[in-house]
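Just so we're aligned, residue 1 is where the sequence shown starts under our numbering, counting upward by one.
Derived by calculation from the structure, the hints in this document are not laboratory data.
Please note that the accuracy of each hint is not assured.
Unchecked claim - Capping the alpha-carbon separation at 27 Å, the derived lysine-lysine pairs in BS3-like fashion look like this:
| id | residue 1 | residue 2 |
| --- | --- | --- |
| 1 | LYS5 | LYS18 |
| 2 | LYS96 | LYS65 |
| 3 | LYS65 | LYS95 |
| 4 | LYS7 | LYS47 |
| 5 | LYS19 | LYS5 |
| 6 | LYS57 | LYS47 |
| 7 | LYS7 | LYS18 |
| 8 | LYS57 | LYS139 |
| 9 | LYS147 | LYS57 |
| 10 | LYS65 | LYS47 |
| 11 | LYS5 | LYS65 |
| 12 | LYS7 | LYS19 |
Said to hold, decoys possible - Cβ-Cβ distance ranges computed for the label pairs, FRET-style:
| id | residue 1 | residue 2 | range |
| --- | --- | --- | --- |
| 13 | ARG179 | LYS5 | 52 to 62 Å |
| 14 | SER23 | ASN56 | 34 to 44 Å |
| 15 | LEU133 | GLU218 | 45 to 55 Å |
| 16 | LEU153 | MET112 | 53 to 63 Å |
| 17 | VAL34 | ARG160 | 58 to 68 Å |
Glycine included, each C-beta is placed from N, C-alpha and C at the ideal position.
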Amino acid sequence: MSESKIKSWLKGQLTNAKKNEQSWSDFVLAFGEVLENHVETYIDRLKTRSSIYEMNKTDLLEETKELRKIFPLGDVSDEDLPHVIMQRRDEIHFKKTVYPLMATISREFNGMNVEWIRLYAPIDQDRYPYGTLFVQEDKLDDFHDLKREDFFLTSRGVIRIPVNMIQSGSRGIGEEEIRAFEARIRQVIYPLIPLRISCDGNVYYIKLNIIELIEWVEQSTSTKTYIEPITQVECSTDSQKTTAQTKIPITEDKPVTPVYTSPRLDAIPLDALALDRVYY
Numbered sequence: 001m002s003e004s005k006i007k008s009w010l011k012g013q014l015t016n017a018k019k020n021e022q023s024w025s026d027f028v029l030a031f032g033e034v035l036e037n038h039v040e041t042y043i044d045r046l047k048t049r050s051s052i053y054e055m056n057k058t059d060l061l062e063e064t065k066e067l068r069k070i071f072p073l074g075d076v077s078d079e080d081l082p083h084v085i086m087q088r089r090d091e092i093h094f095k096k097t098v099y100p101l102m103a104t105i106s107r108e109f110n111g112m113n114v115e116w117i118r119l120y121a122p123i124d125q126d127r128y129p130y131g132t133l134f135v136q137e138d139k140l141d142d143f144h145d146l147k148r149e150d151f152f153l154t155s156r157g158v159i160r161i162p163v164n165m166i167q168s169g170s171r172g173i174g175e176e177e178i179r180a181f182e183a184r185i186r187q188v189i190y191p192l193i194p195l196r197i198s199c200d201g202n203v204y205y206i207k208l209n210i211i212e213l214i215e216w217v218e219q220s221t222s223t224k225t226y227i228e229p230i231t232q233v234e235c236s237t238d239s240q241k242t243t244a245q246t247k248i249p250i251t252e253d254k255p256v257t258p259v260y261t262s263p264r265l266d267a268i269p270l271d272a273l274a275l276d277r278v279y280y
């Protein structure tokens, strides 16, 4: 409703006698400006608050104040803020599980391969007292004397981080860059770890992707071997001499039908198959 419509509507509420008085006309003008500059702005804000995707940034930040106490937010762009708030509200219902932790790691460190890794301990407590050996979930098959079924899941875990994915400074990745990254981990990740689960800190590793070149084998020459049409075998004994003759029929030569293939070596990484053949 524009200002002219507001004034027109207010003047319509006056009696005919008051419409001709200057004081009432000034009052209508002043009251219309108050409605335009103050009241209608709040009405518009109340209308947008019916949907979190229509709120302005000020109202969205107000919504995050209560969420930040338990579920702190990292660096979130303005266009992603509504989605983050919706996720935070869902995570409140799962605050006793690791779901908020996994969701936050996926969102805050997208593309960095930061992972929450559960720890296992050996069942044989006499040989391996609890606390002397913890094994990451994806390394249970690396022990020669222990099998996967010889471990049990503990209430512990670590945050595994590829150190070469951390944003480097002018001189590469140093102590300062690692401390800054760990401060972000403590701010965003640590508050989400359930109280029943112990975090054993961060584990750093170097991740390298090595792509092996494909080797191609091409046929350069081809040789065709013919069989002799007649073979003569001679056998002799003390009592008699026998001559045997065998004829092998040879059919007419047929044209060779080419099969277009390309033998390839190392088609699967790490030589999982020694030779692959691709047909066209």
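Need the list of violated hint numbers for this structure, in ascending order. Result: hints 8, 9, 11, 16 break, sorted rising.
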